[in-house]
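Protein chains: 2
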Amino acid sequence: MGIFLNNISLEEAKKIIEEGCRTLELKNEEIDTRFSLGRTTYEPHFAMISSPHFTASAMDGIAVNYLHTLEADITKPVFLENSKYEVVDTGDLVRDDFDAVIMVEDIEEVEGGVVIRKPAVPYQNIRPIGEDIAMGTMVLPSKHKIRAIDISSLLAAGINKVSVYEKIRVGIIPTGDELVNVWESPDKGQLIDYNSWTFAAMIEEWGGNPIRYDIVGDSYELIRDTLKRAVNECHMVILNAGSAKGRGDFTEEVLKSLGEVKFHGVSIKPGRPASFALIKDTPVFGVPGYPVSAFFVMDNIVKHAFFKVKNESFRERERVEAYISRKVVSSLKNDEFLRVKLGKVGQKLVASPLGRGAGVTMSLTNADGVVKIDKNHEGIEAGEKVMVEILKNKSNIDKTLVSIGSHDIVMDIISDMMNMEGYDLSSSHVGSMGGIMALKRNEAHIAPIHLLGENGIYNIDYVKRYLGDYVILKLIKRVQGFMVQKGNPLNINNFKDLTRIRYVNRQKGSGTRLLLDYFLEKNEVDKNEINGYTREELTHLTVAAQIAGKSGDCGLGVLSAAICMNLDFIPIANEDYDIVFHKSMLEDERFKCFYKIITSKGFKDKVMSIGGYDLEDTGKIIYV
Amino acid sequence: MGIFLNNISLEEAKKIIEEGCRTLELKNEEIDTRFSLGRTTYEPHFAMISSPHFTASAMDGIAVNYLHTLEADITKPVFLENSKYEVVDTGDLVRDDFDAVIMVEDIEEVEGGVVIRKPAVPYQNIRPIGEDIAMGTMVLPSKHKIRAIDISSLLAAGINKVSVYEKIRVGIIPTGDELVNVWESPDKGQLIDYNSWTFAAMIEEWGGNPIRYDIVGDSYELIRDTLKRAVNECHMVILNAGSAKGRGDFTEEVLKSLGEVKFHGVSIKPGRPASFALIKDTPVFGVPGYPVSAFFVMDNIVKHAFFKVKNESFRERERVEAYISRKVVSSLKNDEFLRVKLGKVGQKLVASPLGRGAGVTMSLTNADGVVKIDKNHEGIEAGEKVMVEILKNKSNIDKTLVSIGSHDIVMDIISDMMNMEGYDLSSSHVGSMGGIMALKRNEAHIAPIHLLGENGIYNIDYVKRYLGDYVILKLIKRVQGFMVQKGNPLNINNFKDLTRIRYVNRQKGSGTRLLLDYFLEKNEVDKNEINGYTREELTHLTVAAQIAGKSGDCGLGVLSAAICMNLDFIPIANEDYDIVFHKSMLEDERFKCFYKIITSKGFKDKVMSIGGYDLEDTGKIIYV
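Protein sequence lines correspond, in order, to chains A and B.
Using UniProt numbering, the final residue of the first sequence is 624, and nothing's skipped along the way.
Using UniProt numbering, the final residue of the second sequence is 624, and nothing's skipped along the way.
If you're looking for bench data, these hints aren't it; they were derived computationally from the structure.
All residues carry an ideal CB built from backbone N, CA and C; glycine is no exception.
Mixed in with the good hints there might be a few duds.
[What the hints assert, rightly or not] Taking lysine-lysine and the BS3-like style, the derived pairs with C-alpha atoms no more than 25 Å apart in a straight line are:
id	chain 1	residue 1	chain 2	residue 2
1	A	399	B	15
2	B	392	A	161
3	A	143	A	167
4	B	310	A	303
5	A	392	B	310
[As the list claims (entries may be wrong)] Partial selection, computed: residues in chain A whose CB lies under 10 Å from chain B:
id	residue
6	416
7	552
8	622
When you get a sec, could you build the whole thing from the sequences and use the hints?
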């Protein structure tokens with residue numbers, strides 16, 4: 001081709017890859033038939049022996065020569081002396097001088113022999129040689145994927161070794177000065193190389209043989225040397241570029257110096273920086289460093305190449321129809337892979353979009369499925385029907401209780417305990433008001449909230465105002481307070497102090513943000529005077545993480561988060577963290593499981609062992 | 001329970017098994033996260049470190065303290081000296097004394113520093129600590145099956161070891177005096193133990209840990225000792241009884257002496273002798289010895305127990321709708337698992353029933369799918385719609401050319417060569433007339449036949465009489481003759497000789513049977529005088545196998561079969577082995593592949609190397 005392509009469509013990319021992989025040929029290897037499950041035959045395999053390889057009895061009885069039985073009749077029994085027959089069980093050898101078996105039910109034992117009352121038909125009750133497999137029969141043709149049942153046939157036919165296609169060796173080269181191995185402790189500025197191991201697991205799952213090379217720093221020579229070695233040793237190679245744009249150029253330079261770059265940039269999101277090159281007929285894939293981009297490039301591009309070379313179609317993920325909960329605007333430039341949570345709310349399966357950042361690994365771990373938005377569409381309207389490729393077991397979806405709202409560690413405990421009971425708790429953290437809105441939109445079954453009303457009472461006012469006829473389940477009381485560095489070096493004790501330090505805030509609509517605003521007003525502190533008032537984090541834990549990492553000095557949060565990050569804590573207020581839901585949920589089996597758990601001793605013990613919680617009212621139900 | 005149950009339904013059996021497996025608990029083990037794909041978490045896993053664990057730049061640019069930028073304006077640029085900023089690439093650490101990153105596009109390098117024209121918003125272009133995962137976040141709950149994407153999240157969160165459920169250890173005990181190991185040569189009367197390795201492969205596929213014990217002879221004490229050991233070492237145990245009924249009783253005696261037999265006999269076919277016992281809470285399955293029975297018991301009973309204990313649902317095989325080609329009568333006593341071949345003939349997917357014997361391993365290897373006939377049904381009418389659970393890749397079905405008719409080794413060669421081209425040749429051997437009938441019933445695309453007409457011309461007469469407007473493709477000429485033992489010890493030279501030896505015949509409707517009858521009449525030999533005229537085998541190879549195994553002395557067959565079994569051969573006649581099909585097939589891509597192959601040099605070379613064939617007319621087409 002010689003033409004370098006930039007930002008092409010996924011379909012074009014696949015075509016170029018198919019063309020590029022065409023000359024790649026796999027060799028064969030001989031392996032033990034017993035351990036050949038899932039491998040693909042390289043050549044036809046013919047039976048080495050017949051099965052059975054001898055004439056066998058198909059019954060328990062006696063083997064005879066039928067000529068000796070011709071005279072037998074009900075009225076005229078025939079006596080056979082011992083030497084004229086042999087007792088056989090099912091599967092036993094029938095000697096060459098016999099040609100029929102008489103069932104045990106049809107003989108009468110007498111002294112010195114047996115009596116029969118019916119002639120035998122030649123070859124009755126006999127399993128002929130090769131009845132199952134005759135020697136020379138083709139047991140498996142070429143290019144057949146060996147299943148468990150094929151192992152039976154091969155071994156029965158005396159084929160103890162099979163010639164199969166070698167596994168596709170895929171080299172994985174992690175690059176970047178910032179990378180450290182998983183077994184090392186990363187310093188500030190360093191990243192754990194988890195991508196290469198995830199790639200290895202994926203390749204293993206596809207039936208390949210992943211070969212991971214050591215991490216290579218950002219050096220033209222080192223990358224070039226490793227790549228040359230990998231191209232020699234593997235069928236295809238993955239270069240995992242560091243996520244750092246500023247230093248990523250080596251990769252492309254090296255690829256150009258050793259071979260030909262066929263494209264760089266595919267119109268998928270996440271995953272745009274994907275590239276493809278050929279080095280002496282060996283396909284080399286440039287996979288971006290951001291984990292979510294990396295996943296989609298592996299899943300859509302490298303996997304496509306892998307199965308083309310394997311000359312096999314892979315089993316597609318299951319798909320379900322769902323209704324998108326919120327409008328999603330998507331660029332006309334790219335196919336977008338939108339990660340969604342799934343939940344059956346009412347009769348409809350609802351797909352709620354998750355965070356769209358390429359760097360958020362957890363958005364994949366938390367996702368139940370992926371919706372592909374074609375680049376010819378500007379997005380999806382709320383309520384529109386979409387096809388979701390599901391990432392978890394389909395049968396789990398109906399067992400999932402969907403919770404959207406505020407976060408607390410107790411929700412993790414409940415989630416874990418529900419899993420033990422065969423249910424799932426799908427928990428999205430968007431703050432209390434976000435939870436109420438999700439209930440309104442029918443996206444969620446339940447919403448955990450903590451919203452201080454003007455009357456000083458938690459939650460009821462908000463539910464009345466926004467939802468109406470709903471139910472509140474009292475969950476826990478917890479302490480909110482200032483999370484500060486160990487020893488409180490900046491001596492932060494009241495809201496006035498916040499104007500002289502670096503504050504870390506929560507997002508708008510979260511209960512904690514509303515609590516801060518309430519106290520700021522009460523204490524007559526101007527929010528514009530607080531450095532960091534506009535700095536928003538989505539959970540207590542991420543606020544605490546900033547302070548523990550010394551990138552902030554103080555944030556409002558719950559005691560459990562402070563304990564988790566080993567921070568000091570100055571209590572400010574007690575609050576009610578409750579669960580809101582529509583009353584119809586009271587009859588829902590998933591909710592019943594939730595309820596059973598929060599009222600169990602096991603739950604109480606776990607929560608109390610964390611500290612900072614009061615479970616006095618847990619389980620009480622208020623009809624608003 | 002204490003009540004022993006005989007011949008219960010599959011549903012009842014499953015319930016009893018669930019009850020019996022209820023107390024079985026799996027322990028946990030710690031494994032390396034990198035190699036944890038597909039394992040199930042034993043407990044929740046919380047992030048050990050945040051990801052990122054430092055404040056990182058989200059852009060290439062400079063890190064600044066936003067306070068130093070407040071005055072900047074398009075009209076009033078601000079100069080920042082070197083000490084007031086740090087150059088950062090995406091992913092780089094942002095030091096604690098900085099709180100914003102300005103993109104490289106928005107700065108102008110000057111001597112001793114940079115100039116900016118816009119103030120920085122605090123925390124702009126910054127990736128906060130824990131943006132992906134905050135320390136303490138639950139990354140995975142209990143009972144979560146680890147996917148490749150989860151490995152990313154775990155490793156990113158510093159979780160290098162995961163606590164997972166141990167694999168279910170399944171003991172496999174092959175029993176029977178007649179069994180020999182796969183690496184041994186079986187004597188007459190001995191059987192290769194292939195079942196245990198097939199079971200091991202299945203258990204591996206389910207995610208278990210198969211533990212195969214050595215073959216145990218038919219001895220009460222030995223079986224008892226091995227079973228005691230296995231029950232101690234494994235979570236569940238499979239006792240694979242020899243197929244010999246007469247000796248199988250030990251198993252049940254042993255089970256009764258060590259524990260409690262819960263049922264023996266399930267109303268499924270094949271697979272009725274299945275049994276289930278509990279020995280001190282350890283489930284023990286009696287799996288019958290016949291390979292096809294064994295497969296269905298493993299697939300329906302043991303697998304059910306395995307996934308109950310694993311507390312996971314397994315992914316069902318794909319199903320397709322098809323139309324059954326022939327009436328199938330089934331017993332009201334049992335659920336029957338009918339093995340079928342699938343082929344898309346015209347617009348319909350046709351399922352053709354295969355042999356129903358429990359001992360024929362190849363009926364599973366050859367099957368494309370399984371139809372379950374419920375025991376409340378007497379069978380299936382021809383043309384009835386059925387659901388087929390498919391055993392091969394769904395996408396292959398449309399690529400399959402269905403051939404039903406006479407067998408010749410060249411059909412195996414073509415099948416193998418079609419596989420290499422991405423097509424399948426599904427070949428059923430029912431004799432020439434069977435092939436013609438299959439075409440009439442629209443079960444097959446093509447039928448290989450060799451039928452001698454009264455005029456001495458092959459095939460055309462039969463096609464005219466039974467099919468009409470069809471097409472004949474000339475394939476090969478081959479030699480038919482007497483297959484006799486090496487050296488022709490019984491001096492068999494003509495048809496008269498057949499009355500004094502043990503003959504092995506072919507089934508009615510086969511071309512070879514018709515050929516024999518033609519010659520017997522011509523030579524005035526009475527078929528009733530031939531010992532073995534009623535002894536029917538289905539292929540040339542199985543006839544040859546009887547003679548090679550000395551269970552017969554002579555049979556009519558093709559030279560290639562005699563060569564394959566190292567027999568002597570006395571030529572009798574040359575015949576035309578041709579392919580019949582409807583003319584619409586000429587446009588069919590599968591047929592085109594077939595045609596391309598038979599006219600290729602590769603095919604000719606392979607056929608000629610076997611010997612006994614003439615390819616003079618190969619590829620000629622006759623419109624009947």
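Going down the list of hints, with the structure as the test:
1. A:399 to B:15: holds (22 Å)
2. B:392 to A:161: Holds - the C-alpha atoms of residue 161 (chain A) and residue 392 (chain B) are around 22 Å apart, at most 25 Å.
3. A:143 to A:167: Given pair residue 143 (chain A), residue 167 (chain A) holds - Cα atoms ~13 Å apart, limit 25 Å.
4. B:310 to A:303: It is violated: about 29 Å lies between the C-alpha atoms, which goes past 25 Å.
5. A:392 to B:310: Holds - the C-alpha atoms of residue 310 (chain B) and residue 392 (chain A) are around 16 Å apart, at most 25 Å.
6. 416: holds (4 Å)
7. 552: With Cβ-Cβ at 9 Å, under 10 Å, it holds.
8. 622: Interface hint status for residue 622 (chain A): violated (28 Å vs cutoff 10 Å).
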